[in-house]
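Number of protein chains: 2
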Amino acid sequence: MYGLTDMLNAAAHARPAALSTVCGGRARTWAQTRERVARLAAGLQGLGVGPGDRVAILALNSDRYSEFLSAVWWAGAVVVPMNIRWTAAENAYSLKDCGARVLFVDRTFAASAAEVAAACPILEHVVWCDDGPAPDGRLGHDQLIATHGPAPDSRSGGEDLAGLYYTGGTTGFPKGVELPHRALWFNNLIAAKILEVEPDDVVLHAAPMFHMADSTLGGAASIMGATHTYVPRFEPEAVMAAIEAHGVTQTVVVPTMIAMLLQHPAFATERLRSLRVIGYGGSSISRGVLTEALAKLPHVRFVQVYGQTEMAPIIASLPPKDHVVEGPAAARLAAAGRAAPGCQVRIVDGAGADLPAGEVGEIVVRGPGMMHGYWNLPDQTAATIRDGWVHTGDGGYQDADGYVFIVDRVKDMIVSGGENVFSAEVESAVSTHPGVAQVAVIGIPSDQWGEAVHAIVVPRPGFTPSASEIMAHCEPLLANYKRPRSVTIRAEALPLSGAGKILKRELRGPFWEGRERNVN
Amino acid sequence: MYGLTDMLNAAAHARPAALSTVCGGRARTWAQTRERVARLAAGLQGLGVGPGDRVAILALNSDRYSEFLSAVWWAGAVVVPMNIRWTAAENAYSLKDCGARVLFVDRTFAASAAEVAAACPILEHVVWCDDGPAPDGRLGHDQLIATHGPAPDSRSGGEDLAGLYYTGGTTGFPKGVELPHRALWFNNLIAAKILEVEPDDVVLHAAPMFHMADSTLGGAASIMGATHTYVPRFEPEAVMAAIEAHGVTQTVVVPTMIAMLLQHPAFATERLRSLRVIGYGGSSISRGVLTEALAKLPHVRFVQVYGQTEMAPIIASLPPKDHVVEGPAAARLAAAGRAAPGCQVRIVDGAGADLPAGEVGEIVVRGPGMMHGYWNLPDQTAATIRDGWVHTGDGGYQDADGYVFIVDRVKDMIVSGGENVFSAEVESAVSTHPGVAQVAVIGIPSDQWGEAVHAIVVPRPGFTPSASEIMAHCEPLLANYKRPRSVTIRAEALPLSGAGKILKRELRGPFWEGRERNVN
Numbered sequence: 013m014y015g016l017t018d019m020l021n022a023a024a025h026a027r028p029a030a031l032s033t034v035c036g037g038r039a040r041t042w043a044q045t046r047e048r049v050a051r052l053a054a055g056l057q058g059l060g061v062g063p064g065d066r067v068a069i070l071a072l073n074s075d076r077y078s079e080f081l082s083a084v085w086w087a088g089a090v091v092v093p094m095n096i097r098w099t100a101a102e103n104a105y106s107l108k109d110c111g112a113r114v115l116f117v118d119r120t121f122a123a124s125a126a127e128v129a130a131a132c133p134i135l136e137h138v139v140w141c142d143d144g145p146a147p148d149g150r151l152g153h154d155q156l157i158a159t160h161g162p163a164p165d166s167r168s169g170g171e172d173l174a175g176l177y178y179t180g181g182t183t184g185f186p187k188g189v190e191l192p193h194r195a196l197w198f199n200n201l202i203a204a205k206i207l208e209v210e211p212d213d214v215v216l217h218a219a220p221m222f223h224m225a226d227s228t229l230g231g232a233a234s235i236m237g238a239t240h241t242y243v244p245r246f247e248p249e250a251v252m253a254a255i256e257a258h259g260v261t262q263t264v265v266v267p268t269m270i271a272m273l274l275q276h277p278a279f280a281t282e283r284l285r286s287l288r289v290i291g292y293g294g295s296s297i298s299r300g301v302l303t304e305a306l307a308k309l310p311h312v313r314f315v316q317v318y319g320q321t322e323m324a325p326i327i328a329s330l331p332p333k334d335h336v337v338e339g340p341a342a343a344r345l346a347a348a349g350r351a352a353p354g355c356q357v358r359i360v361d362g363a364g365a366d367l368p369a370g371e372v373g374e375i376v377v378r379g380p381g382m383m384h385g386y387w388n389l390p391d392q393t394a395a396t397i398r399d400g401w402v403h404t405g406d407g408g409y410q411d412a413d414g415y416v417f418i419v420d421r422v423k424d425m426i427v428s429g430g431e432n433v434f435s436a437e438v439e440s441a442v443s444t445h446p447g448v449a450q451v452a453v454i455g456i457p458s459d460q461w462g463e464a465v466h467a468i469v470v471p472r473p474g475f476t477p478s479a480s481e482i483m484a485h486c487e488p489l490l491a492n493y494k495r496p497r498s499v500t501i502r503a504e505a506l507p508l509s510g511a512g513k514i515l516k517r518e519l520r521g522p523f524w525e526g527r528e529r530n531v532n
Numbered sequence: 013m014y015g016l017t018d019m020l021n022a023a024a025h026a027r028p029a030a031l032s033t034v035c036g037g038r039a040r041t042w043a044q045t046r047e048r049v050a051r052l053a054a055g056l057q058g059l060g061v062g063p064g065d066r067v068a069i070l071a072l073n074s075d076r077y078s079e080f081l082s083a084v085w086w087a088g089a090v091v092v093p094m095n096i097r098w099t100a101a102e103n104a105y106s107l108k109d110c111g112a113r114v115l116f117v118d119r120t121f122a123a124s125a126a127e128v129a130a131a132c133p134i135l136e137h138v139v140w141c142d143d144g145p146a147p148d149g150r151l152g153h154d155q156l157i158a159t160h161g162p163a164p165d166s167r168s169g170g171e172d173l174a175g176l177y178y179t180g181g182t183t184g185f186p187k188g189v190e191l192p193h194r195a196l197w198f199n200n201l202i203a204a205k206i207l208e209v210e211p212d213d214v215v216l217h218a219a220p221m222f223h224m225a226d227s228t229l230g231g232a233a234s235i236m237g238a239t240h241t242y243v244p245r246f247e248p249e250a251v252m253a254a255i256e257a258h259g260v261t262q263t264v265v266v267p268t269m270i271a272m273l274l275q276h277p278a279f280a281t282e283r284l285r286s287l288r289v290i291g292y293g294g295s296s297i298s299r300g301v302l303t304e305a306l307a308k309l310p311h312v313r314f315v316q317v318y319g320q321t322e323m324a325p326i327i328a329s330l331p332p333k334d335h336v337v338e339g340p341a342a343a344r345l346a347a348a349g350r351a352a353p354g355c356q357v358r359i360v361d362g363a364g365a366d367l368p369a370g371e372v373g374e375i376v377v378r379g380p381g382m383m384h385g386y387w388n389l390p391d392q393t394a395a396t397i398r399d400g401w402v403h404t405g406d407g408g409y410q411d412a413d414g415y416v417f418i419v420d421r422v423k424d425m426i427v428s429g430g431e432n433v434f435s436a437e438v439e440s441a442v443s444t445h446p447g448v449a450q451v452a453v454i455g456i457p458s459d460q461w462g463e464a465v466h467a468i469v470v471p472r473p474g475f476t477p478s479a480s481e482i483m484a485h486c487e488p489l490l491a492n493y494k495r496p497r498s499v500t501i502r503a504e505a506l507p508l509s510g511a512g513k514i515l516k517r518e519l520r521g522p523f524w525e526g527r528e529r530n531v532n
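The listed protein sequences derive, respectively, from chains A and B.
For the first sequence, my numbering assigns the number 13 to the initial residue and increments by one for each residue that follows.
For the second sequence, my numbering assigns the number 13 to the initial residue and increments by one for each residue that follows.
Derived by calculation from the structure, the hints in this document are not laboratory data.
Predicted model, so just to flag it, every value in this text is computed and none were measured.
You can trust all of the hints, since none of them are fake.
Remember, identical chains collapse to one label, so a pair may be satisfied in a single copy or spanning two.
Capping the alpha-carbon separation at 16 Å, the derived lysine to aspartate or glutamate pairs in EDC-like fashion look like this:
1. Lys333 with Glu208
2. Lys333 with Glu210
3. Lys333 with Asp212
Generate the whole structure from the sequences, applying the supplied hints.
Quick look at the structure:
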């Protein structure tokens with residue numbers, strides 16, 4: 013009834029001669045893309061790929077990435093977009109975990125892929141998806157297309173598995189999130205509404221295409237029959253050049269990328285004249301960045317998207333009208349937004365009971381984007397989907413107008429003397445001390461308070477802040493119960509995950525040895 | 013995973029105190045509406061309504077109509093919104109056909125309902141859904157709510173049947189279109205995008221709520237958590253008063269209603285200041301009406317929606333930017349629009365082969381709104397859904413930009429000497445003769461041409477146009493092959509269906525006796 017090849021077919025029926033992809037100097041129409049996808053699907057079938065089989069990709073952004081996704085769905089198989097920021101070991105783990113026997117790889121990841129392939133005896137084919145001839149007699153994406161006639165569309169859809177998206181490198185082994193066609197189809201439609209995409213628009217893949225932030229934009233473009241354009245990876249000058257060259261109307265990035273664009277020496281409002289909407293995800297936008305953005309890009313509408321891979325990913329969004337820097341409405345800038353259409357958001361306490369507006373608890377969600385579960389992990393699935401609700405692990409509250417505010421990861425929240433302390437808020441206060449390069453705030457055991465607030469500080473080169481100095485610095489900034497009760501000054505950098513998040517579990521470990529923490 | 017009670021639950025979670033419905037002087041919040049719906053569902057269960065059972069309604073627009081829809085879904089049952097323009101006999105037929113044992117009825121249809129009920133021995137309960145006490149000791153909508161505690165949500169959804177929508181009175185017996193939750197859910201989302209509905213909007217139910225044109229607006233409002241307001245039926249003064257009183261931002265009507273509003277003596281732009289979007293369906297808008305509308309309502313965005321009940325109903329839409337009355341783009345005003353997101357539209361010849369842009373054939377469609385089929389009519393279902401495509405029965409073409417133009421019903425198109433003649437175009441020319449009150453153009457058998465163009469004319473009182481006068485009138489207006497070759501002057505009015513459409517099959521009958529027409 014509905015599947016992810018519908019987008020390609022609909023656009024090819026409606027406007028066969030309209031541009032589907034523009035990648036550097038290479039442009040293809042929807043009719044051409046459909047033909048290439050149907051042939052690539054036949055090529056995959058020739059490699060033994062059948063319905064439900066997993067096919068992975070490790071590559072920078074390009075039109076071939078888009079063709080790959082559609083071709084795998086055309087063949088009735090399952091895409092596995094691999095994290096380009098992970099180590100070869102992490103990717104080898106996820107590749108083995110999902111049992112992919114075919115991996116597409118571009119020039120940038122060819123060497124890394126060799127390492128991954130060596131660790132994966134199950135891997136049978138590594139396909140070269142880049143310009144130029146495939147090295148070492150390897151199969152090539154373009155060669156598969158050239159040597160195969162079009163396959164019929166498998167018409168997989170509905171609850172058929174469409175993709176496995178690996179996540180959670182920060183909390184141990186990556187987990188494969190199982191997303192059916194239904195979940196991504198609904199999300200494409202929701203994203204098209206939220207990001208205001210229309211058929212004549214041109215979107216730019218600026219964030220990495222393996223990531224759900226970018227896939228919301230790509231899905232929205234495909235369902236509207238808009239044109240996809242690409243930069244291999246985010247780089248301000250390349251992004252601005254692509255916007256100028258192709259008349260880009262929408263892109264999705266993270267807030268730091270917006271700041272990088274605005275502050276780039278070659279930035280000029282005129283170069284971004286065609287842009288109508290900038291979507292962003294990963295965090296809320298600071299008043300400082302937004303003030304600068306509204307001044308330098310007054311014609312652009314800003315939209316925040318809050319999501320999680322488990323929801324395919326959209327949960328909430330903050331629309332353009334809430335991007336104001338003055339007046340009472342400016343408080344909404346800190347919000348993740350309002351629940352997406354048809355998506356149900358509740359704030360619950362530890363026992364799963366609803367909390368009133370304004371009170372902090374865990375954000376739990378339900379909606380048409382919900383995953384089936386984690387690949388081969390029934391226990392973790394059961395721990396995440398409880399009573400039909402996905403437990404996001406995000407701590408937050410909802411105001412009376414339905415705006416959702418995220419305050420911390422639930423497992424990083426500290427309960428001290430019966431009060432909730434949000435590590436993110438304390439970190440924000442500590443980080444304003446001029447001598448602090450990095451800070452992590454964690455809860456450590458306290459017989460008196462249950463947990464006590466503890467800060468771990470890495471000084472800036474040339475500074476030697478003391479523990480008492482840090483604690484004194486917080487006095488005017490934080491209520492008494494939120495202030496660090498103890499501070500560790502640490503010489504070496506804080507441990508980071510592959511995605512660049514601080515591994516707080518590792519920091520908490522020594523303090524909690526032999527004890528049980530309520531939330532971990 | 014997803015069902016039509018999600019809308020109500022999502023809004024009640026996000027903004028329990030926001031207004032859900034405002035009907036006359038009565039306002040209810042989303043929390044109140046959810047409570048009432050859960051109680052009404054319990055009341056239905058008390059009447060023996062279980063999952064999959066059909067529950068019908070015959071009523072003008074009101075907040076109770078919205079509660080009815082949600083309560084039936086809450087109970088896991090199937091709504092049957094009955095056509096308020098049909099005769100009691102037609103409604104009795106559809107009520108028996110679907111096997112509903114419970115019928116909701118308001119004051120306006122109480123008498124008619126008695127007739128329907130008498131013809132339907134299967135009907136066990138007629139529920140009064142109007143203000144004031146129920147007559148004759150009948151059960152009341154409000155009484156069911158007052159006397160029952162809330163039932164748990166059945167959480168029906170996905171491919172579960174959500175509604176039976178009767179259609180097709182013009183072509184014999186009404187057919188019940190089976191729409192699952194999936195079809196309506198997707199349509200709600202598509203309608204929210206097309207009609208630009210946001211959470212703080214206020215929509216007005218001005219067209220009858222049994223009709224899919226209105227249900228697109230209602231569904232869009234519910235999925236966005238916007239406020240529903242009502243007029244019992246379309247009446248220009250009441251509509252303007254409601255828009256003023258409630259700050260209405262969106263409504264959906266038919267183009268003639270737009271004209272009625274603009275030409276009403278009490279029309280004033282100021283009264284419609286809050287309106288942002290007017291959606292319309294049923295036909296395209298004439299340049300004359302749009303010119304007047306743009307002059308008198310410059311702040312309003314116009315959107316055409318083309319649909320069919322079989323697609324739940326959205327197939328295509330014409331966005332605000334295509335509502336221009338001058339320049340080359342004005343030609344698009346005659347279009348039904350571009351395919352809705354993810355909806356596939358093809359133009360095919362009699363053998364089902366794709367036709368190139370600009371050529372007229374049958375419009376066939378596929379998409380997430382597709383019905384399961386016609387209730388208990390496997391043959392008619394098989395005739396309509398062929399190879400996975402819904403055959404709309406509409407003849408039309410698609411231009412190179414993907415705009416779909418409808419020229420005629422396929423069965424009313426005439427093939428004369430190998431050329432397609434569209435009865436609607438010929439009727440439009442004949443009707444400009446001052447002596448013509450009504451006209452129908454049909455194809456009649458011709459040994460020379462296969463079919464010959466024939467006009468049936470009802471003269472205006474006081475006029476006596478002759479056949480040759482009519483034919484001569486068409487000479488400067490139509491290409492030779494399109495002109496009527498014969499004319500019948502008819503004293504009595506043309507036969508009409510309950511929906512007011514001319515019954516051309518009946519007119520063709522005498523001409524084709526004993527012969528087979530290719531399309532019938």
